[in-house]
Amino acid sequence: MALHRALSYFVREAALNLARSWKISLIAVSTIGVSLFIGGALLLLTSNLERLVSDWRNQAKVIVYLRAGMPARAEGELAALLRQPAWVTGVEPVSAAEARRRFERYFPSVADLVHGWGEEPLPASLEVAFDPGRVDGAAFDTWLQRVRAQPAVGMVDDDRDWVRQLQSALQVVGALGLALVAVLLVAATFTIASVIRLTAYLYRDEIGIMRLVGATELFIRGPFYVEGLLQGVLGGGMALATLYFGYVVLMPHAPRTWLAGALAGAFLPARDQVLLVALGATAGLVGAVVSLRREDV
Amino acid sequence: MIHFYRVSKHYPGGHRALDDISFQVERGEFAFLTGPSGAGKTTLLRLIFRQEVPTSGQILVNGRNVASLPRRKVPFLRRTMGVVFQDFRLIPRKTVFENVSYLPRVLGFDGQRQKRLAYETLRRVGLAHRLKAFPLELSGGEQQRVAIARALVNQPEILVADEPTGNLDPEMAREIFELFLEINRRGTTVLVATHDTRVIERLNRRVLALRAGRMLGDGDTASSDSSAQLAGVEPALSEAVGG
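Chains as they are written, first to last, in the numbering used here: chain A, 1 to 297; chain B, 1001 to 1243.
This is chain B alone, in the form it adopts within the complex (with noise of 0.2 Å):
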């Protein structure tokens, strides 16, 4: 689903935000990227969806090369995925159910789909009351619960995140990761950016674990001490996060 192939990205003076990373995150997979500040996740994640471009390597998301990807047809890889971000970015002065019908309208759906689209959406993230509020109406979770209806709207195949509970609280972050996870149930690949060590170790999936642009690790924190697979991952994982 989603293939990193000895990937790097460097940006002009020499910095190197990624390092020659090759990893896999397979259909219908939960996977999490951490790593402290400055460590290349947002530049990872930006890579597959195709705001940025690799310096090196190949990008195969959904079959797509996503390096080669001519510019006019990026919109069209876009539509297969989520992207969730830390401040939400959602357009403040369009009403909840505009931020979540926007790309049903981009689509050319007739109104009577858009609305059931964004309706059935908002309903899953509990929020179908809440149609004709403005974001700024909302807390903080609320606000991120639209960014995510806005991102399942279309059904994606692949749904990216990058530290989406970085600006919550702790209950409505562990909100936010059953979501993920209830989307994940439903068969959609989730990569989640978070440097939030407790949430990694408590829901226990995957861990791609990135340092100063290099991949430290990469396995699962539950089964670390009996596969040998795992080996050093929890201590990459400590250092990546300085824990």
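Extracted from the complex, chain A is given alone in its bound form (with noise of 0.2 Å):
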């Protein structure tokens, strides 16, 4: 019962801070505002765009091009030998026609390209789909060698490949915005360190007559530490409120852009919420900490 009069007590005090030096508490509470509501955006980004490709992974083909004049049963052979590992879902045969008029129909500008050959100029392929989660990689690029080596094949386009490099470019993407943010996250622990210190030398006079009257270090710092602790997640709390109006009301009417759509896909999920506000009120705490750890406070 002591633990929770003394927390209340702290709480009271806290809030009684923030109230009476507002006009620099709102600067503390800014400054980590906008480092978590960049983080926020970066963490919407990214998770919007790895649910994309993840869902171009489940998507992915592998196409078997066939060379030109094969026999039918050449190409019956292949289809029997491409259905055989347990993660093919289906292959479907394309013929040099059905190409041409994808071709036409995906890239109408420039359709003309496929006009006036005597013959068809795209090749017939097989179209093979799979299961990802059932993929084993080294037998799938045995087996993928296996089917270059087929004389009915003349080429093998694996989605995988795409999808891998673009994965690889999202860590990196991601890598560059979690230091920025680390970064940013810094600044604001620091500029709540100098608030919090600045208050308590405010207070300086208070807190030596807190400590001439018994007071522990615990009870005369508390106050501050949650002060910190309330201004990292009034901060979160900012970031994670503008995120979401930019995401519910500016999101509507920005431009369709690649980089809209992939932000317009989802909003951040629960954990991912409580994970912005958490960041914030470590932030304030460590700054607080930081910030008091001399013994003149």
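Short, incomplete list of chain B residues facing chain A, as computed with Cβ under 8 Å:
{"hint": "1", "residue": "Pro-1075"}
{"hint": "2", "residue": "Arg-1079"}
{"hint": "3", "residue": "Arg-1089"}
Bear in mind the hints are in silico, worked out from the structure with no lab data behind them.
Ideal Cβ positions, reconstructed from N, Cα and C, are used throughout, including at glycine.
Join the two chains, each given in its own frame, into one complex according to the hints.
As structure tokens, then:
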């Protein structure tokens, strides 16, 4: 019960301090809010891009282009070979004429390129769909080599290659974002530390009196720790609210770019929302502890 | 209760605030500490409540060796004593009640107990009706009585006061000293630093006289002409306070 009473005293004093020096507290809260907003936006972007890439990975295919003039029997044998592994979920033959029609449909501005040839300009192919969850990497590569070695096969396209490259690029972007957020958070932590130290300096006479009457250091510093924590939580809440406002109100009016599309996928899951606020709280608390670690405060 | 044994306090630069001080104040005693400005009175009191540590010597307060007390234990020492200052040292943004109930709050007492203790102590100093006032709304004498209430709220065994009437007019000073006597009658050891010779002579208690950091005399003003032990105290006192 004594602990409960001490905590409620800390919270009350911290709230009073925040209200009393609200201008300077607002600077600290805003600094941490901006850092976490940038972090949250990056998290939103990368999580949606990851989801997008994951969808693409699930839809990835292996396209086996056939040599021109191969007999139907050879195509049938190749299709049978392609169906053998357990992870293959389907093999769809695409004739040369169908390939041309698709080209015309997907790239209408350059459709002329496939017109006026004496024969079909694009090769026929077999599109192999597979279940990425069941794929064994090494066995898949061996199987792919066997397919490439077949006399009926002209070329093999593996969608997983560019999905892998995209994932790597995404990881680099994520790491850079993380580094940026870390730097911003450190800056925000120091801002909070300065604000708390300034507040403690303003109340140094009172702190001296508290020590004289027998208050322990924890009892004296507790309100300042809670003040830092509250500033961090408020900063995190501010970042989250701004992010949500931007997502719900501004995104529908944003120009239709791939970036806006990626951001509009889904808002941050509850776990990431809690993470943002927890990061703010941690930065605030660390700032307060750092600012008061010296004995003279 | 308070035992100084060959205590010295030197500051960087060679200033000797206290030099080889030894004395003992017994439980339930009332003693004055006197001397001119710079004699070392405040330093001596600060050593008692461990605001300072001695350069050499031993200090026992209520059985605790103050000089070697770990920093984390200092708050617990201070809870056994009340301290009163010339400038009151009240927290201006807190009410009289909040100032007085701060220590009970630190001790984790529930709200009811905090209220009861604060009210009873303020009633003892005659300020129960000013619970909700802020310090700056009170007169100097009232502020000092609040400071005394804060010092008494945990029923300390020792009360030390540093020039408690320095900022008060004679009538208020008289009231404050009456309060100290009453506190002492209830068993609290009281040590008051003052250079007000009229008060010292009128109250007729033990006097520790300091000058330039050294103990000039230790005795009783009233019986100074009859006790060999006190020989030299009056001259020392007069010399100490420049009277």
